[in-house]
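Participant: I would like the entire structure built from these sequences, with the hints used as guidance.
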Amino acid sequence: METRKSSEKFVVPIGPQHPALKEPGHFEFTVDGEIVTGASVRLGYVHRGIEKGAEDRTWTQNIYLLERICGICSHVHATAYVLGVEKLAGVSAPPRAQAIRTVTAELERIHSHLLWLGVAAHEGGFDTLFMYSWRDRETVMDLLELISGNRVHYSTNVLGGVKYDLDTEKMDAIRRGLDFLEERTHHYMKVVTTDETFLARTRGVGLMTREQAEALGAVGPTARASSVRRDIRIDAPYAAYPDFPVKLITDDGGDLLARFVVRLKELFESYRVIRAILDQMPEGELTTRVPRRIPAGEVISRVEAPRGELFYYIKSNGGEKPERIKVRTPSLCNWGTVVSVAVGHKLADMPMLLAGIDPCFSCNDRMVRINRGQGAQFWSWENLRQYGIEYYR
Amino acid sequence: MTNLKLDSNWQRILDKIRTWARVNSPWAIHFNSGSCNGCDIEILATLTPRYDVERFGIKLQGSPRHADVLICTGPVTLQARDRLIRIYEQMPEPKFVIAVGSCGLSGGVFHGCYNVVGSIDEVLPVNVYIPGCPPRPEAIIYGVVQLLNSLKSGVSKVGTVAELVEKQEA
Numbered sequence: 264m265e266t267r268k269s270s271e272k273f274v275v276p277i278g279p280q281h282p283a284l285k286e287p288g289h290f291e292f293t294v295d296g297e298i299v300t301g302a303s304v305r306l307g308y309v310h311r312g313i314e315k316g317a318e319d320r321t322w323t324q325n326i327y328l329l330e331r332i333c334g335i336c337s338h339v340h341a342t343a344y345v346l347g348v349e350k351l352a353g354v355s356a357p358p359r360a361q362a363i364r365t366v367t368a369e370l371e372r373i374h375s376h377l378l379w380l381g382v383a384a385h386e387g388g389f390d391t392l393f394m395y396s397w398r399d400r401e402t403v404m405d406l407l408e409l410i411s412g413n414r415v416h417y418s419t420n421v422l423g424g425v426k427y428d429l430d431t432e433k434m435d436a437i438r439r440g441l442d443f444l445e446e447r448t449h450h451y452m453k454v455v456t457t458d459e460t461f462l463a464r465t466r467g468v469g470l471m472t473r474e475q476a477e478a479l480g481a482v483g484p485t486a487r488a489s490s491v492r493r494d495i496r497i498d499a500p501y502a503a504y505p506d507f508p509v510k511l512i513t514d515d516g517g518d519l520l521a522r523f524v525v526r527l528k529e530l531f532e533s534y535r536v537i538r539a540i541l542d543q544m545p546e547g548e549l550t551t552r553v554p555r556r557i558p559a560g561e562v563i564s565r566v567e568a569p570r571g572e573l574f575y576y577i578k579s580n581g582g583e584k585p586e587r588i589k590v591r592t593p594s595l596c597n598w599g600t601v602v603s604v605a606v607g608h609k610l611a612d613m614p615m616l617l618a619g620i621d622p623c624f625s626c627n628d629r630m631v632r633i634n635r636g637q638g639a640q641f642w643s644w645e646n647l648r649q650y651g652i653e654y655y656r
Numbered sequence: 011m012t013n014l015k016l017d018s019n020w021q022r023i024l025d026k027i028r029t030w031a032r033v034n035s036p037w038a039i040h041f042n043s044g045s046c047n048g049c050d051i052e053i054l055a056t057l058t059p060r061y062d063v064e065r066f067g068i069k070l071q072g073s074p075r076h077a078d079v080l081i082c083t084g085p086v087t088l089q090a091r092d093r094l095i096r097i098y099e100q101m102p103e104p105k106f107v108i109a110v111g112s113c114g115l116s117g118g119v120f121h122g123c124y125n126v127v128g129s130i131d132e133v134l135p136v137n138v139y140i141p142g143c144p145p146r147p148e149a150i151i152y153g154v155v156q157l158l159n160s161l162k163s164g165v166s167k168v169g170t171v172a173e174l175v176e177k178q179e180a
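Top line first, the protein sequences correspond to chains A and B. Quick note: the first sequence uses our numbering, first residue 264, plus one each step. Quick note: the second sequence uses our numbering, first residue 11, plus one each step.
Hints in this document: simulated from the structure, not taken from any laboratory. Fair warning: there could be bad hints in the mix.
What the hints assert, rightly or not - Taking lysine to any residue and the SDA-like style, the derived pairs with C-alpha atoms no more than 20 Å apart in a straight line are:
(1) 69(B) to 281(A)
(2) 105(B) to 156(B)
(3) 510(A) to 470(A)
(4) 285(A) to 156(B)
(5) 285(A) to 95(B)
(6) 528(A) to 515(A)
(7) 285(A) to 20(B)
(8) 285(A) to 96(B)
(9) 285(A) to 61(B)
(10) 285(A) to 38(B)
(11) 315(A) to 582(A)
(12) 285(A) to 63(B)
(13) 285(A) to 72(B)
(14) 315(A) to 146(B)
(15) 285(A) to 59(B)
(16) 315(A) to 128(B)
(17) 69(B) to 398(A)
(18) 285(A) to 58(B)
(19) 272(A) to 515(A)
(20) 285(A) to 146(B)
(21) 69(B) to 282(A)
(22) 584(A) to 122(B)
(23) 69(B) to 386(A)
(24) 285(A) to 98(B)
(25) 315(A) to 581(A)
(26) 285(A) to 354(A)
(27) 315(A) to 122(B)
(28) 589(A) to 643(A)
(29) 285(A) to 71(B)
(30) 315(A) to 118(B)
(31) 69(B) to 392(A)
(32) 105(B) to 75(B)
(33) 589(A) to 38(B)
(34) 285(A) to 37(B)
(35) 285(A) to 91(B)
(36) 69(B) to 388(A)
(37) 69(B) to 394(A)
To be verified - Ranges between beta-carbon positions, derived for each pair:
(38) 457(A) to 59(B): 19 to 29 Å
(39) 554(A) to 72(B): 47 to 57 Å
(40) 162(B) to 505(A): 51 to 61 Å
Predicted model only: the values in this text are computed from it and were never measured. A virtual CB, placed ideally from N, CA and C, is assigned to each residue, including glycine.
Facilitator: Right under this line is the structure:
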C-alpha cells in the first residue's frame, strides 16, 4: 500500500453550522488518514459588540446586557459586574444578599455541569446518558424558576443586593431538589467511571499534563483535571464564599475521564455548600443603597464561573455610564488546550475533545486588536461599525 | 406511467400526501446566528424527556439539506449573516423559518450594537415568531404547533410540485 506523502494535506472543515455543538464555530482539522495532524479554530460568529454596547448604557441597564453575554452562566456575569461596581461605589451588599447570590451561583453551576455532562455524553454517542442528565437537570431548572421566575437569565442581582428573597418554603424545595440530584449524581459517577464503552472514549484521550495546562493558560475544571490548583472561590473568595468555604477539587488524570470526574465531584461540593448556606442563612436586608453616579476609578473583579475564571475590568469616569468594560471569559482561555491536545488523536475523538472544555461561543467571541507601538487608539461607535462592515466584506 | 403532467389528478393527490407527511413529521435544523445560548439550551430542552417533541415526529436534523424548518435564534451578526442565508438556500422547498427569542424578533438587548445587523426577518422571511428571553420550552412547542396548524389549514401555503417547478424555471 502506498503511503500518502506528508505534503498532501487533507483538511476536514467543520462548521459553523454543525450538528455537534449548538453554537457556531468553524474548525479545520488537517488529517492523515484518520489521525489529526493539525487543528485550527475560527471564532467570532457570535461577536455582537457587547463591550462597546455597555459604554452606551447606564450602570443598571448594563446588568441585563451583561447577563446576556451567555445564557448558561448568566448569573456569574452579572455577579462579577455587580461586585466590581459595588467596590467602585464603596458599598457592599448585605450578608443575606451575598448568601442568596452564592446560592444562585451554585445552582447555576449545577445546571451548567449537568448540561455539560449530557452534551459531552451526546458527543460520545452515549445518548441515554444525555437524556437522563437533561431530565434531572429539569429539577434544578425548576428550582431556579421557583427563586426567580425564569428558567434562564434569572436577574437575581441588582446593584447593592439581590431582588429575590428565600423563605422557608423555597429553602425546603431546594433541599428536596438537592437530595434527588445528589442521589442521581452518585449514579452518574458510577456510570462515568465504570461503563466500559464510555471509558474507551474517555480514558487516556486528550491527555494534558500539568505543565501543558499551565503553559496554555487553562482555567476552571479543565485545568483542575490536570491537577492545577486554581479556583477563584478559594484563591480570592467573594460574595459568601469567605464564610462558606468550598473544597478544592482536582484530579491528576489530565484526560477526558478526569474532566468528567472533576465536574461531577464539583456537583457534590455545590450541594454541600448550598445546604450549608441554607442552614445558616444570615438575616437582614436584601439591598443597600448605591448612588446613581459611580465615583471615578477602575476596578477588576474575578469570579469562578462554571467553566473557570471570569474576569471583569470596569472603569468609571464618575458618570451614569461606564467608561470601559472588559470581559475575559474562561472558554477563550481554554481553546488553546483543544487546538494543541487534538494533534495525534482520531478525528472521531474531536467532538468529545471539543466538548471536554465545555466551550461556550457566546462567551468567548470578543474582539481584540493588538496595536503594536502606535500608541493608544480610541474607537468610536462609528469606527467600530465601519470596521466590522469592512472586515466581513 | 402515462400521465406525468404536473397538474394532473395524480399529482394533486401526491401533493396532499406530501403535505400530510410534512405536517406529521417536520424535520428541523437549528442555527444560532448570534444568540446568547439561552434560547439554544431551551430548544435542546424541548428534545429531552420532560418536553420530548420527538413524540410528535419533530426531529432536530444536522444537515440543512434534510430539513423543512429552520429554527433560528439570536440577533443576526455581520459574520453570521452570510452563513444564515447560505443555510437557508441549501434547504429544499418548501421551507419555513421560526425565529426564537426576543433577540431574533427585534435585536433585543443587542439592538444597535455595532456588529449586529438586527432581527432575523431583516435577512430571511420568517413564518413564526416566538417571543421570550428565552421562551419557555412550552412556548417553543406552541410555536411549532402554530406553524403546523397553519400548514394543515392552508393558511401557510406549502406549494404544489407544479408551482415549485414553475418557480424554479422562472
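Participant: Report the numbers of all earlier hints that the structure fails to satisfy, in ascending order.
Facilitator: Hint check: 3, 4, 7, 14, 19, 26, 33 fail, others pass.
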